[in-house]
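Residue numbers for the sequence shown follow UniProt numbering, so the first one is 1 and each next one is one higher.
These aren't lab readings, by the way, just hints derived from the structure by calculation.
Where hints are given, some of them may not hold.
Unchecked claim - Simulated restraints on C-beta separations:
(1) K89 with K37: 29 to 35 angstroms
(2) K4 with R100: 55 to 61 angstroms
(3) R85 with Q44: 45 to 51 angstroms
(4) Q90 with E5: 38 to 44 angstroms
(5) R86 with T55: 39 to 45 angstroms
(6) P21 with E79: 44 to 50 angstroms
(7) F12 with R85: 24 to 30 angstroms
(8) R86 with K37: 56 to 62 angstroms
(9) R65 with R106: 55 to 61 angstroms
(10) E66 with K4: 20 to 26 angstroms
(11) P21 with R1: 18 to 24 angstroms
What the hints assert, rightly or not - In silico SDA-like cross-links for lysine to any residue, where the CA-CA straight-line distance does not exceed 20 angstroms:
(12) K26 with E41
(13) K58 with E41
(14) K58 with D14
Where is the CB? At the ideal position from N, CA and C, for every residue including glycine.
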Amino acid sequence: RPFKEFLFQFKFIDLSVSENPNLDPKEAALRLLKSSKLPSEEYQLGKTMVFLKQTGAKELTQIQRECLSSWEPLVSVLEAYYAGRRHKKQLLKKTPFIIRAQAHIRRHLVDNNVSPATVQPAF
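Between the sequences and the hints, there should be enough to build the whole structure, so can you do that?
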């Protein structure tokens, strides 16, 4: 596959190499392969493409999955934080309506002389 496609597909093996704008795509692909410690028998660099054996491609995919799994704890914390912020924002939007509903309930309780002692449990 062409160097740019190769870098895009396997960029998470080493982000510092694949996102470095100072490197040309061929040099970046070579550094990415070296950092993955893939045996040189599994790949060949051409003028415009990286040629991988099937076992080499599978091994690179496995290495990339391992690299991505190391980010999983951080991602789960960020997802939980984002979900909490989103729920808080939604609750803050609904707060005036909740306050208004509470006021109506209190008014109903006062108007009908309902006291906590007369409230019957539902079950």
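So, going through the hints one by one against the coordinates:
In this structure, K89 and K37 break the distance hint of 29 to 35 angstroms, their C-beta atoms being roughly 45 angstroms apart. With their beta carbons about 58 angstroms apart, K4 and R100 fall inside the hinted range of 55 to 61 angstroms. A beta carbon spacing of about 49 angstroms between R85 and Q44 agrees with the range 45 to 51 angstroms that was offered as a hint. A hinted range of 38 to 44 angstroms holds for the C-beta pair Q90 and E5, which are about 41 angstroms apart.
Taken as a hint, the range 39 to 45 angstroms holds for the pair R86 and T55, whose Cβ atoms sit roughly 44 angstroms apart. One distance hint, 44 to 50 angstroms for the beta-carbon pair P21 and E79, is violated here, with the actual separation near 30 angstroms. Our hint of 24 to 30 angstroms for F12 and R85 holds, since their Cβ atoms are close to 26 angstroms apart. Checking the proposed 56 to 62 angstroms range against R86 and K37 shows it is violated: the Cβ atoms sit about 41 angstroms from each other.
A C-beta distance of roughly 57 angstroms is found between R65 and R106, which places it inside the suggested range of 55 to 61 angstroms. Here the CB-CB span from E66 to K4 is close to 24 angstroms, well matched to the stated 20 to 26 angstroms. For the pair P21 and R1, the beta carbons lie near 21 angstroms from each other, so the given range of 18 to 24 angstroms is met. In summary, the hint linking K26 to E41 is supported, as the alpha carbons are separated by about 18 angstroms, within the 20 angstroms threshold.
Distance restraint check for K58 and E41: the Cα-Cα separation of roughly 14 angstroms lies within the 20 angstroms cut-off, and the hinted pair is therefore satisfied. Between K58 and D14 the alpha-carbon distance is near 17 angstroms, which keeps this suggested pair within the 20 angstroms criterion.
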